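*Asks:* In order, the protein sequences belong to chains A and B. For what it's worth, numbering that gives the first Met the number 0 labels the leading residue of the first sequence as 0, then goes sequentially. For what it's worth, numbering that gives the first Met the number 0 labels the leading residue of the second sequence as 0, then goes sequentially.
I should point out that these hints are in silico values taken from the structure, not numbers from a laboratory. Nothing here was measured: the structure is a model prediction, and the numbers come from that model. Among the clues, some could well be false.
To be verified - Straight-line C-alpha distance at most 20 Å; calculated EDC-like pairs for lysine to aspartate or glutamate:
id, chain 1, residue 1, chain 2, residue 2
1, B, Lys250, B, Asp212
2, B, Lys359, B, Glu378
3, A, Lys61, B, Asp388
4, B, Lys250, B, Glu203
5, A, Lys123, A, Asp84
6, A, Lys199, A, Asp127
7, B, Lys359, A, Asp84
8, B, Lys359, B, Glu321
9, A, Lys55, B, Asp388
10, A, Lys61, B, Glu381
11, A, Lys55, B, Asp384
12, B, Lys250, B, Asp384
13, B, Lys359, A, Asp79
14, B, Lys184, B, Glu280
15, A, Lys55, A, Glu93
16, A, Lys61, B, Asp384
17, A, Lys55, B, Glu381
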Amino acid sequence: MTPHAAKRTVDLQVITEWVTPGARVLDLGCGRGVLLQELAQQKQARGLGVDLDVAKITACVKRGIPAYQGDMMTIMRNFDAGFFDHVICSRTLEEVDDPAAVITEALRVGRSLTIGFANHGYWKNRRDAFLLGRKPRNDVYTTAWGNSRPANPLTIADFEDFCAGQGHRIARRMHLRGDWKTRCTFRPNLLAGYALYELKHG
Amino acid sequence: MNDAALDDFEAAPAEPGEVGIVAPCDYVSAEPFTFDCGITIPGFTLRYETYGHLNAAGDNAILVCHALSGDHHCAGIHSLSDRKAGWWNNLIGPGKALDTNRYFVACANVLGGCQGSTGPLSTNPATGRPFGVDFPLVTIRDMVRAQHRWLQSLGITRLHATIGGSMGGMQVLQFGVTFPDFVGKLLAFATTAREGAQAIAFNEVGRQAILQDPDWAGGNYPIGGGPRVGLAIARMMAHITYLSDASMARKFGRRQVSERRNAPHPPASPKSGHAFDVQFEVESYLRYQGQSFINRFDANSYLYISRALDQFDLAAEAGSLEAAFAPVTAESLIVGFTSDWLFPTDQNRAIATALLRAGKRASYAELATDLGHDSFLLESPELYDLVRDFLAA
């Protein structure tokens with residue numbers, strides 16, 4: 000397994016632990032449905048994936064995972080409050096237009112919202128920017144500038160401030176070191192490479 | 000990939016094959032059938048075709064549902080001299096998405112149709128003459144209930160899936176609602192749970208073209224006669240709604256028939272003496288579509304089936320679409336096509352959303368095509384993959 004692929008499975012393990020058995024789960028930016036398949040197998044979750052790309056939807060269908068092709072805000076507006084037990088945004092929020100609106104809507108349709116993101120404040124990313132004067136490029140940010148998708152990178156400090164400002168209650172948080180495995184409890188904004196949060200209503 | 004999947008892969012033929020020469024059959028039900036409108040007929044006939052083999056358990060069958068002007072002949076050819084194969088031949092066959100090595104595929108001409116099934120052309124036992132407009136008003140649910148009776152007669156215990164586009168998609172949805180225990184998977188493409196005003200409007204223009212043709216004669220025209228002009232115009236207009244601006248531009252553009260090597264009609268034909276004979280290729284194409292349609296379709300059938308399309312409204316009966324879907328137990332795959340302006344993507348999306356709101360397992364995919372409503376019929380490896388994977392999952 001490549002370092003990148005190994006890192007991809009990390010938040011899968013943590014999120015699987017956090018999801019309650021038999022839960023109804025909405026995965027925003029579900030990709031090929033790997034996480035939802037894991038949740039179906041480990042937690043008998045009833046999942047629905049959302050993605051923009053038809054190839055991703057086809058991959059989900061092949062896995063037996065229901066998936067909806069389209070805009071995440073549009074699909075969420077169709078559901079009543081609390082329809083889903085969990086909404087998951089794993090490495091998705093960096094690429095959405097209005098993350099605050101997505102979080103608000105996800106917290107409406109979901110009883111809880113799990114968010115996973117690479118911490119842009121991690122020291123190696125700061126080093127790339129500060130010492131090298133370059134866009135971070137590593138196992139996580141694999142592409143050169145010209146081949147990268149539009150992104151709105153965030154840090155742990157940004158996210159904590161955001162939640163405090165919006166009044167979103169953080170029910171759980173998990174910070175992982177640069178290996179995306181070891182727990183990080185000291186100065187996470189500098190030393191954690193990956194962060195996971197579970198938000199619940201006020 | 001696990002070992003079982005590897006075996007399946009190796010057992011499959013290298014290249015998709017053809018179902019080859021097929022022959023239609025008739026199912027005759029001698030039991031009375033009561034339409035949704037309350038009228039009972041003593042029995043009915045459905046003409047159908049099947050491909051592949053039903054397994055011992057009777058549960059590997061896939062029902063294919065056809066659209067307004069379609070019929071039971073959805074794959075293979077009737078004779079070696081056939082120039083065209085069945086209408087969904089690209090999807091159905093050994094090794095194809097609807098793999099006839101694996102599934103028993105069945106398709107019947109709908110009740111109210113004119114390709115061998117009981118419809119307005121059939122003899123009214125009360126008069127000994129064709130029913131004409133005395134035929135009971137037929138609904139999508141009537142079509143589905145008649146098919147359910149026929150499928151049971153074939154020894155099918157439970158459908159693996161039912162699949163269809165456009166009006167075929169309506170039947171698929173209705174099947175899932177009316178016979179939830181009889182079907183495992185629903186595949187509905189380029190369809191709607193209820194038509195919008197635009198689609199009804201187009202159908203009405205088609206009906207008016209037929210009704211205003213003097214040869215319609217109140218619906219009591221003789222077999223072989225009837226409103227040929229009206230039916231051809233109805234077909235020409237409807238055909239436009241199945242295409243798109245982009246596909247017509249690509250296929251015809253502003254090309255004129257006079258540009259053909261052996262141009263049969265110069266713009267101002269001396270034969271007709273006026274300037275309004277065929278000038279553009281698209282005109283020639285539509286006239287051909289209209290003319291070939293009147294040779295295979297009955298005008299009254301067109302009226303009945305287009306009315307069934309317009310009246311179809313799953314939500315109306317139950318109060319909401321999600322309430323209508325409450326009985327569904329099948330898993331669904333809904334596919335919309337970006338260039339379909341007859342049953343636009345939003346209407347396909349609404350089906351998937353309602354199924355999901357009702358707590359059902361449903362997927363929605365949207366294929367970017369520029370071929371319009373008919374996109375579901377055309378060659379699309381993306382669609383084939385979706386169908387194959389959804390049926391196997």
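*Asks:* Would you list, in rising numerical order, the hints stated earlier that this structure does not obey?
*Replies:* Checked against the structure, the hints that fail are numbers 1, 2, 4, 5, 6, 12, 14, while the rest are satisfied.
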